[in-house]
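Quick note, the sequence shown lines up with residues -24 to -1, 1 to 301 if you use mature numbering (1 follows the signal peptide of the UniProt record, and there is no 0).
Just so you know, the hints here were simulated from the structure itself, not pulled from any lab data.
Accuracy of the hints is not assured; some may be wrong.
Below 20 Å or equal to it, Euclidean Cα-Cα: the simulated EDC-like pairs (lysine to aspartate or glutamate) are [stated by the list, open to error]:
| no. | residue 1 | residue 2 |
| --- | --- | --- |
| 1 | Lys230 | Glu34 |
| 2 | Lys245 | Glu234 |
| 3 | Lys250 | Asp90 |
| 4 | Lys288 | Asp14 |
| 5 | Lys237 | Glu137 |
| 6 | Lys237 | Glu109 |
| 7 | Lys295 | Asp97 |
| 8 | Lys259 | Glu219 |
| 9 | Lys279 | Glu154 |
| 10 | Lys38 | Asp196 |
| 11 | Lys131 | Glu260 |
| 12 | Lys279 | Glu76 |
| 13 | Lys259 | Asp196 |
| 14 | Lys107 | Asp97 |
| 15 | Lys38 | Glu3 |
| 16 | Lys200 | Glu137 |
| 17 | Lys237 | Glu260 |
| 18 | Lys21 | Asp241 |
| 19 | Lys200 | Glu251 |
| 20 | Lys200 | Asp268 |
| 21 | Lys250 | Glu234 |
| 22 | Lys279 | Glu137 |
| 23 | Lys38 | Glu264 |
| 24 | Lys131 | Asp268 |
| 25 | Lys131 | Glu197 |
| 26 | Lys21 | Glu76 |
| 27 | Lys200 | Asp257 |
| 28 | Lys38 | Glu28 |
| 29 | Lys38 | Glu76 |
| 30 | Lys143 | Glu154 |
| 31 | Lys279 | Asp257 |
In this text the structure is predicted, and so the values were computed from the model without any measurement.
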Amino acid sequence: MEMKLKLIPIAAAMLFASSTLSMAATELKFAHAAPETDLQQDLAKFFATEVEKRTNGEVTVKIFPQGQLGNDQQMITGVRSGIIDIEMSGLNNFDGLLPEVGGLFLPYIFTSRDHAYKVLDSEVGQGVLTKMEGFGMKGLGFPENGYRNITNSRKPIKTPEDVVGLKIRTNNSAALNEMFAMLKANPQPLPVSELYTALETGVVEAQEHPINITHSFRYDEVQKYLSMTQHSYSMLVMVMNLEKYEELTADQQKIISEVAKEATDFQRKLSIDKEASILADLKERGMEINDDVDKAAFQEAVKSTWNTYIEKFGDGMVKAIQAQQ
């Protein structure tokens, strides 16, 4: 009996230690829609590794790539409801919540990648991230998707006239849909999860994405021509469920924010470093890559999309972007 009594506090201590460890460990679900071969997965793995290391295992990150937890809109809804902790998708998918962010997608509004980074990391971008909190999300940063280029199965795109009548898949950006309508194409918004099949079956004959997406989603298998129109810079955004973020300790919150910034910088650099090899691989796979694009003609043809945006939301964001060239 005496031995049993001695064992009780030991067992209680072990149970308490196990319970404390269990309570301390937090696993975050991180979702994105890109394949595991995409740069988005590289970012997610960097983020997961560094968060676990710097929190001494108190916070771990489980990655769900390739739309395992839903399409872009479903992932955003999942983060807002707390079903998903972190998601990464194109900022254009937040148009419905923050339509004014459409100023960042206007065709040819960024003169370079560095210009885009400067704007996104300034008060303009940080203001967008702060506004996410009104929808139950903590904005963590703007990784790169890249410059959007047109692929199609018809011919190289050199001038605006080459786009006339083209059945092209677009995302849900109002500015980009207006742009292609203005060019007399036939824009058709489709979820990215449906795009490969739509191209394969001829529902659409063209699409416009950054080259890393064309590469990782293997659109080269159903598209012949890649034309470097670079008509719009496309940014991703990482968001976290705000309540989940606030449940973390102050030190853990700091680590999450710092690692998100470092992961964004890492992925942006990777995007630049890998661009040449991605283009070379697409060419080796059989795509014809066309650099002979009259960008000045495209800019002139679609500049009035800026006026449409300004009429709705004012010229504040446009001027703020231009001021940082």
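Structure-based check of all given hints:
1. Lys230 / Glu34: Roughly 14 Å between the alpha carbons, so the hint for lysine 230 and glutamate 34 holds.
2. Lys245 / Glu234: Holds - the C-alpha atoms of glutamate 234 and lysine 245 are around 17 Å apart, at most 20 Å.
3. Lys250 / Asp90: Distance ~17 Å between lysine 250 and aspartate 90 Cα, so the pair holds.
4. Lys288 / Asp14: Between lysine 288 and aspartate 14 the Cα gap is close to 35 Å, so the pair fails against 20 Å, i.e. violated.
5. Lys237 / Glu137: The given pair, whose Cα atoms are some 41 Å apart, is violated under the 20 Å limit.
6. Lys237 / Glu109: holds (18 Å)
7. Lys295 / Asp97: Holds. Lysine 295 to aspartate 97 sits at ~16 Å (cutoff 20 Å).
8. Lys259 / Glu219: violated (46 Å)
9. Lys279 / Glu154: holds (11 Å)
10. Lys38 / Asp196: violated (30 Å)
11. Lys131 / Glu260: Holds, at roughly 18 Å.
12. Lys279 / Glu76: holds (18 Å)
13. Lys259 / Asp196: It holds: about 9 Å lies between the C-alpha atoms, which stays within 20 Å.
14. Lys107 / Asp97: Answer holds: lysine 107 to aspartate 97 is near 15 Å, not above 20 Å.
15. Lys38 / Glu3: holds (7 Å)
16. Lys200 / Glu137: holds (19 Å)
17. Lys237 / Glu260: violated (34 Å)
18. Lys21 / Asp241: holds (14 Å)
19. Lys200 / Glu251: Cα-Cα ~19 Å, so holds.
20. Lys200 / Asp268: Status holds; Cα separation ~16 Å.
21. Lys250 / Glu234: violated (24 Å)
22. Lys279 / Glu137: holds (16 Å)
23. Lys38 / Glu264: violated (38 Å)
24. Lys131 / Asp268: holds (13 Å)
25. Lys131 / Glu197: Distance ~15 Å between lysine 131 and glutamate 197 Cα, so the pair holds.
26. Lys21 / Glu76: violated (31 Å)
27. Lys200 / Asp257: The given pair, whose Cα atoms are some 14 Å apart, holds under the 20 Å limit.
28. Lys38 / Glu28: holds (10 Å)
29. Lys38 / Glu76: Not OK: lysine 38 and glutamate 76 at ~32 Å, beyond 20 Å, violated.
30. Lys143 / Glu154: Since the Cα atoms of lysine 143 and glutamate 154 sit roughly 14 Å apart, the hinted pair holds (cutoff 20 Å).
31. Lys279 / Asp257: violated (33 Å)
When the structure is compared with the earlier hints, violations turn up for hints 4, 5, 8, 10, 17, 21, 23, 26, 29 and 31 and for no others.
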